[in-house]
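Based on the sequences and whatever the hints tell you, model everything.
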Amino acid sequence: MAKTAASMLQDASSAHVRAPAAAQSPALASWPAVVMVAAVLGAALYAFSPRPLLSFPVTAIGPDQLLIDGLARSGSRLAAVGEQGEILIADNAKGPWRMAKVEPQRGSTLTQVLFVDDQLALAVGHDSWILRSTDAGASWHEVNFNPELSEPLLGIAGPYDGKLFAFGGFGQMLVSTDRGQTWQPQKIDTAAPSEAPKPAAANADPFASDPFGAGATADSGGDRHFNGMVQLSDGALLLVGEKGLMMKSVDHGEHWTMMPPIYNGSFFGAMQLPSNAVMVYGMRGHAFVSHDAGKSWQASSLPIQGSLFGGTVTTDGTIYLVGDSNTVLVSKDAGASFSLAARADHVAVGARGGLAAVLPLTGNALLTAGESGVGVQNLAAGETAPRTGATP
Amino acid sequence: MSADRSAGRARWIDRWVDRCSDVLIGYRRVLRVLFVVATLGFGYSATHVQLDPGFLKQIPIQHPYMKTMMEYLKDFSGANTLLVNLRWKGEGDIYNSEFMGAMQKATDDVFQIPGINRTKVSSIFTPNVYYIEITEEGFNGEPVVPARFSGTPEELERVKHNVGLSGQVGLLVANDAKAALIRADLQEADSSDPVKAGVFYRRVLGRLGDIRGRFESHTRYTYRLLADKPPFKAGDVIAERYSDEGWLRRFETFYAIPQDGSDPVAVSGSEVQVDAAPNPDYDANIEVNIIGFAQLLSDVINGLLGVFSFFLFAFVITFALLFAYSRSIRLTLVALVVALLPVVWLIGILPLIGFGIDPMSILVPFLIFSIGVSHAVQMTNAWRQEVVAGADSVEASRNAFRKLFVPGAVALLTNALGFAVIMLIDIPIVHELGITACLGVLLMIITNKMILPIWLTLIRLEDSSRAYSKKPDSPRMLAIWQGIARCAEPKYALVTFGVALVLLAGTTWLSRGMVIGDSGTGAPELRKDSRYNYDNRTIGSSYNIGTDLLSVIVEAKNFEGDSCLQYPVVNLIDRFELYVRGIDGVRSVTSVAGIGKLVISAFNEGSPRWRALPRTEQALSAGSRAFDPGLGLNNESCRAIQVLIFMKNHDGANIAHVVAEIKRFIADNPTDGVLIRLGNGNVGVMAATNEAVSAAEAKMLLAIFGALMLLCFLTFRSWRAVLCVIVPLAMVSIFCNALMASLSIGLKVATLPVIALGVGVGVDYGIYLFERIQHHMADPSVEFRDAFHLAMRERGTAAVFTAITMSIAVGTWTLSALKFQADMGLLLSFMFLVNMLGAIGLLPALGAWFFRKPAPVLPRVGQVIGAK
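Each protein sequence line maps, in turn, to chains X and L.
Here our numbering is used: the first residue of the first sequence is 74, the next is one more, and so on.
Here our numbering is used: the first residue of the second sequence is 72, the next is one more, and so on.
Calculated directly from the structure, the hints in this document are not laboratory data.
Treat the hints with caution; some may be incorrect.
Straight-line distance between alpha carbons at most 20 Å, and here's what the computed SDA-like set of lysine to any residue pairs gives [said to hold, decoys possible]:
(1) K734(L) with T132(X)
(2) K231(L) with I377(X)
(3) K819(L) with L127(X)
(4) K562(L) with V107(X)
So these bits of chain L aren't anywhere near chain X, every CB distance computed over 12 Å [stated by the list, open to error]:
(5) R99
(6) Q175
(7) A487
The C-beta atom is built at its ideal place from N, Cα and C for all residues, glycine as well.
Laid out in structure tokens, this is it:
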């Protein structure tokens, strides 16, 4: 044991003797090892330094990711308006869509857009917001806004004899005679004297527990919502809206008279057909055509029960209606009957994913807009590619 | 100067170690009794250890996201949701009487699950799922499936129509109409009583198995009591099940519910008889998918139990290898038992300090065992060499202790250090892992350095082993030794450097691809091909809902009245919802704003043009149905509102991106009185965890390498020696990252400690070897090459051997059903093995150049140049 310790001691002291000699060979003599150490050190610093984040596409709302309520076209320019005041424009239906400049951006949802001519466009929306563009939709500025009232404009029509009409919820009507630069409110009494009492008791309201439920809806002092306006073949104006509302004006909108009700559900739109006829459409698969400037109406035959929120007609007289459940209906007999042009098969009646607006495109295709933004639907040979929610 | 101090130290430390060895051997009889008593005590205590797979332990509770989560745990728990999906595999869609019958039965079964919140169970068969038809007169609402449903074709057609109107496609009915879902919430059991909670969970898990088994199992088992057990009589059916444990049944407990509905009665599996009969409900056309926290817990617990079998496996392998190495049954048994002692002591200490076993700390006993084997092998090897050299057992023990105490203790201290630095990760489960492992290693200083030498004094080496040890090395072995020793020659060292540099360049480049966090979808705890993750994928692909949820809390505390009726609040949420929808990696978003708009639109005949938030309080109240706290999106008066963000997956990079984009929105949209806070949901937990892991990585590496360098310097008193030991470890750490990147294993709670553990254990080889090298180098006539050769002969075999046994032992984890255990096993196994290769390959190469003796070196360099 002592011997071991002694030899250790000896070893240690001899190391002491050798030490200066070892010190004579500086790092230079062992350069390969130094290089190796440096390489590992460098590699370790690099390997463990913060790793870069993967690059992701820039955050942006795609044209299929927001609610679009209105579509309009002037030449090749397309405009789509909707959720939170966003306006998309494109020069091709397949895109690319880009955000138009909106000043100031109030964030109120827009409901309709209209090209007055190839440069002048108007858009309307919630909080009586009206936007005007004089560069074919590239930039928009505000001409009307009323946040205190907080009532929506639901449509815009005209110009009829130089007058533009913006109309909407609770009997709201705004009129412009200077191509949309200024707007004057107009009071219209929508409470028809002969109106039947509302069948409120029939409401099997699943939200019945809600204290505000029934009160805040349609019963706003009898003011019904205006949803659509169109000029009849005799030059009179037709206004349609909530709960079967149909009003007519023969003096360019100065005075309005109630027309006899043909349907107790709401109308969501009206449009002129090439054959001098007029079509109105609305809830639960209801659409009507009048060939005599609104004196008499014929109910169209529809294959579905869903509500219809938008329509368009091509120059050759083909009519398209869109609505609930991505429904697209087509009529080739001037509106007498419709057939299902498009609906993703698996989406049952009433399922989410409604359409609000439609424009015809060339080549048997449609541009539709709704809950899933804007999209092109091909109608080749009656077959349709399901546009939304499809699982391949 | 330094050598002088070193000599002084040697004198002091050697004297101290000598004295220790004398004390140890002198008092060995007393100590023996003491250790036996301690082992019995800890062994008794070990039987009280509890399984403790707590959810809260796994999250970084100090992280701001988690503080938000804890603050609103009561308002927005909702984590314990259960989804049961029935998938129709036959022809056509689900609207047939066979499927509807099964769906009805399954819905009833879900109602029977103990602790289920019955008011919240929803499927197309529950009355709370209705369709709404907007008519000219108003709304029409009825349950989707009529009350007296009998499955006639007309009724089926009606159900199909109603489902469409209900808006449940994508929610309760699959998008492809091939499956339907039952959604339920489990109420937490009374967690103050762990026994009761345990029983509760076991009953829940049993029920879940039955729901699956009812349609997927061919056989139904009926359990009858063999003898009376009040209130039950012999022959009473106490359970019906769809799986049977066979001979293991005697170990399980059945919970029979008395007729009067009182507390369940526990019945042991040995008190029942089982009848197997064909299952009348078996349906080849129906597949059952179940996901949810309870099901996950069940699968994780099953996976945990599997780990015990790996322990047995590792034990047998180690035994075989040890015997092959020493050819002595006695030494093998002693080494194994001594390696087990710290495991027993550790498990015994756990209940005393209030710790339990969780999915991560269950791996510590393995680790301690394999490290224990490694050190026991060094000790028995040294002892055997002494005995073969002619010493008696007692003297051999004393000498083995003297030789090994310093390197062994230093190595164990570095191990402990490695475990200690992982406590820098601010997650309780990792803290516990660190503390447990640290404790285990410190215990090993007692068991390996004290108990083992004492025990060895009683051992008489078998003649067969003695003969085997004396047998000269075979020519092949000699060649191998020569080959390895060549690594320590400057000429060959250059070759080693060349190879190392090439590997280094490749792996460094690869390692940059390592990601932080998990990848893919589903439960990261389990493997991709596990049943749970299969079920998760099946449900995820056919519905619009995902299971990767990030929830953001919007606080609006100081508004008068309901905050949801304040336009600035809901408008902010509305804009946030639209913004988040545009972030890449987000699947869908749900908030009070979106639902409020839907409700307002529904009140206006479903018109999409009304789907907007009005600015006045009165108009907003039309949507107030959406602000019902019962929907779980906000608390009372909307003081806090949660926005649910369903992610496409939970890839670490994806989470980081989405979180960064959300933070940008928060910064760009300051709103008076409104605070947007991240983040709840499983993705919120992952985001916090990933951030904690990412923050800990560099800190942990600096700590472990810094501490190791310091310890090595204190031991060897030479910076060159420190570099020789540390540089190979650093290189292997890079290799490990490269391996993780190429196997797509992310850096996460389970894999972050691996480098620290691997380095902490891997440094042993270097320390044991270099201690000998330095010892031999003290003789000026000995060159580095020869010193290394001698060191390898003395300790190298043991190092190589232990590296292999440890790699195999932790390698068994790769068989685990739990993904993170498999990942840890693979990486640790790699680290142990490759660190050993570094110690016998790169260490001598570095030493060869650093410790070149000047005089004979110059001609050698000339030779090298000449050879070229």
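Next on the checklist: If you test the structure against every hint from before, which numbers come out violated?
Outcome noted: Result: no hint breaks.
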